[in-house]
Amino acid sequence: MIGKIAKTSMKEQLRSPVILLLSLLTAPLFVLIYVLFFPSETSSFDVAYYSQERNQALLEYMNNWSMEDQTVNLNMHWVNSPQEGSKDIEQGEAQVLVIIPEGFEDSLDQVKSGLREQSERVIFSGDLSSSMYSIAFIMTYSSIDQYISQRTGHISPFAMEEQPLGNSMELREIDYYIPGLMIFALIILLFQVSMNLSGLVESGILKRLRLTRATTLEILSGYSIPVVLIGLCSFFLTLLVAKLFGSNLHGNWLLTALVALLTTLAITATGMIVSAFASSTSSAFIMANFPLMLFMFFSGAMYPIKKITMFNLGNISIGVFDLLPTTHGVNALHKLLVLQSDFSGILYELICLTLLTVLFLAFGVRLYYKRQMEIG
Amino acid sequence: MKEPVLTVKDLYKSYGRVEALKGISYSLKEHEILAVLGPNGAGKTTEINCLCGIIPFDSAQLYYRNELGRLPKEKLGLCPQELIIWKKLSLIEQLIYMGNLYEVPKNISSLRAEELLVNLGLIDKRRALAGSLSGGMKRRLNVALSLMHDPEILILDEPEAGLDPQSRILLRNFIKIQAKKRSVILTTHNMDEAERLADRLILIDHGEIIEEGSPSYMKERYSCSNLEEVFIHLTGRSLRD
Ligand SMILES: Nc1ncnc2c1ncn2[C@@H]1O[C@H](COP(=O)(O)OP(=O)(O)OP(=O)(O)O)[C@@H](O)[C@H]1O
Ligand SMILES: [Mg+2]
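Top to bottom, those sequences are chains F and S. Start counting the first sequence at 2; every next residue gets the next number (our numbering). Start counting the second sequence at 63; every next residue gets the next number (our numbering).
Don't read these hints as lab results, they were simulated from the structure. Misleading hints may appear alongside valid ones.
Said to hold, decoys possible - Subject to a maximum C-alpha distance of 30 Å in a straight line, what follows is the list of computed BS3-like cross-link-like pairs (lysine-lysine): (1) S:K150 / F:K208; (2) S:K281 / F:K208; (3) F:K371 / S:K149; (4) S:K187 / F:K208; (5) F:K371 / S:K242; (6) S:K71 / S:K243; (7) S:K135 / F:K208; (8) S:K149 / F:K208.
Only chain S is shown next, with the shape it has when bound in the complex:
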């Protein structure tokens, strides 16, 4: 079996007295789509931000392939949970700019930007300022920005939030195609989406992994007809922060 692209071991992180992550361990295989599920406040975003080096963690061992240490920046492509776009730049301008920031050669950069705009259904707006896009388009741009440097690992934090069914289908197919070129980590609250997309699921609650496996394994194991039932079965019905 091939070595995993990414391995996380014993990731701990607390914000003051709030223990957001209490020892998360998992690995990500090549071309795998891994969905990280969990109720609000489970620690999904925190986990991703720690991986990407946006926030410091308390302790962990992170491996890129078999190398221990901080994960190399250019191997990761993060689409953050919040919208982070340049409102006063056109779509093409900001994609090229993103390429520049990763020192992507100019010719590759413009080809890649056009391709991303086409594949994410944004090509008609290539010269429009991002501030003028609709909410759903902004979210798709948010995804495009994370791919300009052709990362080996794509990390999407709730990419489909606020998308209509058409865009959701487009994005789902887009992610599937991405998995041909790279590994994907994805967080979502949409169980249907997770079931259709993911090769494997990790269920996090209160900063710990409580279950892990393929969608079919999970359904079988808990004798549920869909993932939502598994989710409720494992995390209960009470509301989270």
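Bound-form chain F, shown alone:
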């Protein structure tokens, strides 16, 4: 009996090949995406390097440095001021900023000849809430440490200071994952939007709606507004609960709300795109998993993801994952709540998010209309 039921069920599944393929291939496809985008065995960290004396020797040493097993190396670039370095960290172009003090090389000479115990103090700066920073910090530290001992012949800890960006120092452990969870609260709206809209097709309600004076835009807006509101509530509720349990996150709440709103709209639009292809709630559910995983794993919501530059626009580098609206949502939120950025600090994210949201919405509405509503 079980065998017969299973066989029939299998037969039915085979007759919805798209759904079956998605269930089968989504996860393997993501493995493929990973290895395609992050192919190398070695990981490299981007280091912003500031030295008023333009210490070339150390920079070159660090650039050529790698871990003994060759798995990690450093990618150095000059910055003209500590502020520029901080900007680079905010933009994801560097994970750590090292500031080499004036008279650093002289102090090394003095250490070598025994005139002083320690070199001048090197300053490390970065976003202490990011796990990328922690690793990049250790690697950068080791490379400087090795440079110093090679240069002076002494093995001794060198003087250094760590300067957190924004309020990343005051943060509690809980704060590290709250911004990601807040974005997650919005990302899961994908299910609600796509299942609602595909449900309209499945139940026939869309047919009734199409007979009335309501336009596609009105129908889609009407069904989206409650979802957007639910998303925003869930977003701030996540924050509230975190706050109740001691989270230290704070920042410009108005801008935070704006980022949340734009992100929600982009996710709603993605839901429309999904429902353009799904004519039942169950297939919408399966299909929605695909963009959901993209948004979760490739926009930095779950864990930090390194920027992969696609092309440069002036002095801004555009990454592959910048095509995902959630990338900018995550980045903007992180900047606002962790790095204490203001409007100008998230301008780039706001522009990208707005553009992508408008683009996704236009595409989503058009596609839903074409596939589910158009008549001859």
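Since the structure of chain F is provided, determine the placement of chain S with the ligands on it from the hints.
Okay, now just chain S with the ligands, sitting in the frame of chain F:
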């Protein structure tokens, strides 16, 4: 003679290789009840869906009165063959909502909703969620939803399917009253119903009109005592899809 409310000329529609409609032409007069009859798969629902703009047709000329073009949405009221109701809304809520979707003024809308509920024997359930209704009540609600905007042409696709004799009589009288205010197109497999209700019949088979006329004309012409005999005479005994 007055101009017809609706004229359909040479309506063609195919689904891939299936030619569902092969040139349907007819017209509908004011206050007329026109029954569209035909075996399963004859193309009745397809024809109605093309009229209402739910599915695209291949070619046709459609006239509302004497205007050629797509039929104006608000003039048509369709009760689809399948049940399309909001299970999680109460009867009154969904009727009012339907009125909103057609931009019916609020005061008119609530009066009309109450009236429809009374006339279709649903008033006791006005506040119940539609999901909790019996099958027959759901079908009557399906009819009510198509009338909230007071359309000039009411199109009913098998409205009496699944109704008990009491409801059928109620619905029949309801449709007769509707014909005082508007024209009605109705598809049915119930020949008895068609005979009692319709002013005129169209018999469709394999996407073509094979006969047209009043019930009495049809019976006379084929010397049959009832419509069912005419139907079998014209469409044969073999089963359709
Ligand atoms: N979506 C579709 N795709 C392909 N073929 C279809 C589709 N809908 C209907 N058909 C075909 O078109 C023909 C006419 O179908 P239609 O539903 O209009 O018949 P009908 O007269 O309403 O039948 P019934 O009395 O069973 O409701 C049938 O052959 C049917 O198989
Ligand atoms: Mg039908």
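Structure-based check of all given hints:
Under the criterion of a C-alpha separation no larger than 30 Å, the hint pairing K150 (chain S) with K208 (chain F) is consistent with the structure, at around 17 Å. Between the alpha carbons of K281 (chain S) and K208 (chain F) the distance comes to roughly 37 Å, so the proposed pair goes past 30 Å and is violated. For the given pair, K371 (chain F) sits about 27 Å from K149 (chain S) by alpha-carbon distance, which is consistent with the 30 Å threshold. Distance restraint check for K187 (chain S) and K208 (chain F): the Cα-Cα separation of roughly 25 Å lies within the 30 Å cut-off, and the hinted pair is therefore satisfied.
Among the hinted pairs, K371 (chain F) with K242 (chain S) is inconsistent with the structure: their alpha-carbon atoms are about 39 Å apart, more than 30 Å. For the hint linking K71 (chain S) to K243 (chain S), the alpha-carbon distance of about 25 Å falls within 30 Å, and the restraint holds. The hinted pair formed by K135 (chain S) and K208 (chain F) meets the criterion: a straight-line CA distance of about 13 Å does not exceed 30 Å. With a CA separation close to 15 Å, the supplied pair K149 (chain S) and K208 (chain F) stays within the 30 Å bound.
Checked against the numbered hints given earlier, the structure breaks hints 2 and 5 and satisfies all the rest.
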